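S.K.: Residue strings, one per chain:
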Amino acid sequence: MTDLSTREAARPTERERTVLGSNVPRKEDDRLLRGAGQFTDDVDPAHAAEMAVGRCPYPHARIAGIDTSAALALDGVLEIYTGAQIAARSGPISILRPVPGAPPIPHFALAQDTATYEGQPVVSVAATSRRVAEDALELIDIDYEPLPHVSDVISAMAPGAPVIHPRTLDSNLLVSNPQGRGDVAARVKEADVVVEGRFRVNRVTGLPMEPRAVLAEWRAGAGALTVHTSTQSPHLIRTQLAESLRIDEADIRVVTLDVGGGFGLKLGIYPEDLLACLHAISLRRPVKFTEDRNEHFRSTTHGRESVHDYQIAARADGRILAMSDIYTNDLGGLNSPFGSSQLSTVVFNGPYKVDDGFVERRIVVTNKTPIGAYRGYGQPEVNFAYERMMDQLARRLGADPVELRALNMVPPDEFPYVNAVGAIYDSGDYERCLRMAAEAVGWAAHRGQGHQPRLPDGRYAGIGFSCYVERTGYASSKFLAARGSRFGAHESVTIRANRSGSLDVYTGVSSIGQGSETVFAQMCAEFFGCDYDRVRVHTGDTGASPINTGSFASRTVIAAAGALLDACVRLRGKTLRIAAYMLDVPDPESLSIVGQAVQHREDLTLMVPLPAVFERAILGQGLPEGELPGLDETAYFEPREAAYSFGTAAAVVSVDAESGEFDVERFLMVHDCGTPLNPKLIEGQVRGGLAQGLGQALGEELVYDPESGQLVNGTMMDYFAPTACDLPPVELLHTAVPSPVTPLGVRGAGEVGCIPVAAAIANAICDALAPFGVELDRLPITPERVWRALRDSQASA
Amino acid sequence: MTSIDSDMARLGLPEPNVVVSTEVNGSPVTEQVPARLSAADFVRHRLGLTGTHVGCEQGVCGMCTILVDGQAIKSCLMLAAQLEGRQVQTVESLAPEGPLSPLQERFRDEHALQCGFCTPAFLMTATALAADGRARTREQIREELAGVLCRCTGYEFIVNAVQAHLAAGRAADD
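Those protein sequence lines, which keep their order, are chains A and B. The opening position of the first sequence corresponds to residue 169 in our numbering, with each subsequent residue numbered one higher. The opening position of the second sequence corresponds to residue 514 in our numbering, with each subsequent residue numbered one higher.
These are calculated hints, taken from the structure and not from any lab test. Be aware that one or more of the hints could be misleading.
Claimed, not checked - Chain B regions said to be covered by chain A (calculated; three or more residues, Cβ under 8 Å):
hint: 1; segment: 560–566
hint: 2; segment: 573–581
hint: 3; segment: 595–606
hint: 4; segment: 625–639
What the hints assert, rightly or not - Covered by chain B, according to a simulated footprint, are these stretches of chain A (three or more residues, beta-carbon under 8 Å):
hint: 5; segment: 205–212
hint: 6; segment: 364–376
hint: 7; segment: 421–428
hint: 8; segment: 845–852
hint: 9; segment: 875–889
What the hints assert, rightly or not - Part of the chain A face toward chain B, derived, beta carbon under 7 Å:
hint: 10; residue: P193
hint: 11; residue: D197
hint: 12; residue: L201
hint: 13; residue: D460
hint: 14; residue: R461
hint: 15; residue: G681
hint: 16; residue: R855
hint: 17; residue: L858
hint: 18; residue: A892
hint: 19; residue: C893
Please read all numbers here as calculations on a predicted model, not as lab measurements. Ideal Cβ placement from N, Cα and C applies to all residues, glycine included.
Working from the sequences, and respecting the hints, build out all of it.
M.R.: Printed below as a string of structure tokens:
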């Protein structure tokens, strides 16, 4: 095993300008800019049929009968499946990351006798074109008997609420997971002050611009299924498909070329993936499905909806004694293929040091679209709760919210810090980020001014902070195994040398926009010693890559770095041994790889071109005694622990105290993701996450009508997704504390932007409106909600 | 779906077709197409110009933006038949061979793309803006770009790239 503890240990030291840490041009860009990327729907094989899916229009209904005869008679219709046929042909859909202790709610690709959410697939049609398939759906007569529904997580647990899965559950509570340390009740009793609040986090969608798409091709003679699909985890998809289709994994190849955004929504299989495969196998021709956007809003997993009951107990001097969070996650009508978000528990205390803590996660079934992973996976939700609480605690104590936070943060010399639920925070300087943010937004001057309407516009100015930690990557497969997760914590690569002097890197990671091809090539060039533009990274093909985990949980670079380093060190060792033999040099380590040559470190005239070395290895002609032909290496790496990114966001707002209308005038974030490998890509990731966080904070919400249980804004027209005009100016600062638990000291950066936004803006508005005693407790924050909060606070005063 | 289509479907009639003659990226094209085929699906699946993407099919997300007679339009809201006699320009026309165009280079240099799904639409919108040659403030550029959604970048770098491109174009004209 290669020593991964320091970068210097393995790095070729003679190269002055390193490619790692610099903003090289992205490998992905050229093809994407030419419109020559290859997204799943761009693949058009000959004779492909197209699939359309009929969906339950009710939140909860019994399916009394389905008549497909008229549709089957339509010219161009090839095949129609209903629930019974699917149950006969395939198994239930498995869950990749089940909530610990949750009983399975088995479900098939098509609803059986009952549908439990609007949008659940009920019938599928394969036809000669999508238009004909959709015509056929119109001709299918489905007899629905609507059943009583529940839309809200709290009322779903009320006595008398209809039980949605009576065969599996006695109530709509799927599972509850209490966890904690110490004695919260005792600390609450002895505390000088206790603040508590209920915080409602909105249901949103990640809304990748590329809809889900799948293309299944069956070669009947070979018994081989090739599935092109837009996913973040091709190898996991392959496993899930094999299980549900009851065919061997060896018979399935999943190919994912370009993915038009994932954000957690494209993890695990969806019903349509199975349906397309089943039609393709039966029809012996390719079958393609691309969801339309209205289907996307109803059938692709949603995110976030939860209710947090948070409590902080503290002494009069501001020292926190205990924190607790009892939260309820909305599951929707069924488990999503990835499962309900779990990290609100892991980081429930944020960056604060607290000995006594308690968290209880409750997962509740409702008649809405299933909730799955969405960038942040529980961390944005709980951040809104604990950071709103911190400001309320500061107000109760008359304390400066910055000083209160600083007082309670885990100090740099107390790492590793184990929180009350056992998460191990690896390292950091949390307070420095907070101080930098406070300084940058002029907190001291603002706080000195008091709360007067400002001149000349009469608006109230406010500044709010949100401090966060983000769990990035997984804390080893042991951690995952204890939770029943059906994947590992590792990544893997195969690196292969070509006679031309180039290197192929094969990874099961898919290219979802985060720049994996670029960063993998940077690392490979750095570790091996060759030129960046001589490395080609092949992503997302299970037929070419070693089995891996996938692109999620801000983990790709963390885990892949170790695998790349190990593979490169071995590849480099063999390259140098062969070169030493060719140059008649006794010690291979006296040589180094510099670009396209292997060169002696001192005698620069001793040199052999890299392609010549590669050719010898590949042909096996003229190798040193005992050296085997071939030059490729496969390596795996599993991180020991998760790394925690951290930072502070700050919002500067102005509020009209009459109307509730507000402006986010500045938004700033100080962010630490450890050693930066490509600063520009990190900035892109953080800005992108912030945009989604701002959308969630300021307008995005999937609204269900409580009476009908229908999604009322499920179209692109009705759902607010920020445009180029809708985002406030964003300023970024960063620190770089290397993580001691990851190769190169990196921490993940993919999800962090989503986490602190809502709390920072809510805190800023509440700071501005402190004279009115306004405390915001639900998202999104809209002028109407601020106006209502103003009105309510005046009524109670 | 219109009622006429439903009736046709009930009767089991084949889809009605029309012939469309148009010019795409400088080349004449004549194709027989289903009457209800959208312009977006026409360029994607008939002509193989898959750089034009489809994101919502209701004219909101802007993924399918192409130029028709020089104007940026959402091709999911147009039928292929409506391209009759018009000039169509897609992202594939920007750098048909050889190096990237200056606009594309700006996008690469500014890191104005991540997953790249929206990128062709922003490029075509910016192409139309550059062609009309009007001076625009950063805020006006933001407004012009608001017809195309991006979920990856937060827009800042896209605005940077377009602003730099427009400024360079105007400087060249002066």
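S.K.: Hint by hint, note whether the structure agrees.
M.R.: Evaluated hints:
no., hint, verdict
1, 560–566, "holds (count 6)"
2, 573–581, "holds (count 3)"
3, 595–606, "holds (count 3)"
4, 625–639, "holds (count 9)"
5, 205–212, "holds (count 6)"
6, 364–376, "holds (count 3)"
7, 421–428, "holds (count 3)"
8, 845–852, "holds (count 4)"
9, 875–889, "holds (count 4)"
10, P193, "holds, 6 Å"
11, D197, "holds, 5 Å"
12, L201, "holds, 4 Å"
13, D460, "holds, 6 Å"
14, R461, "holds, 4 Å"
15, G681, "holds, 3 Å"
16, R855, "holds, 4 Å"
17, L858, "holds, 6 Å"
18, A892, "holds, 4 Å"
19, C893, "holds, 5 Å"
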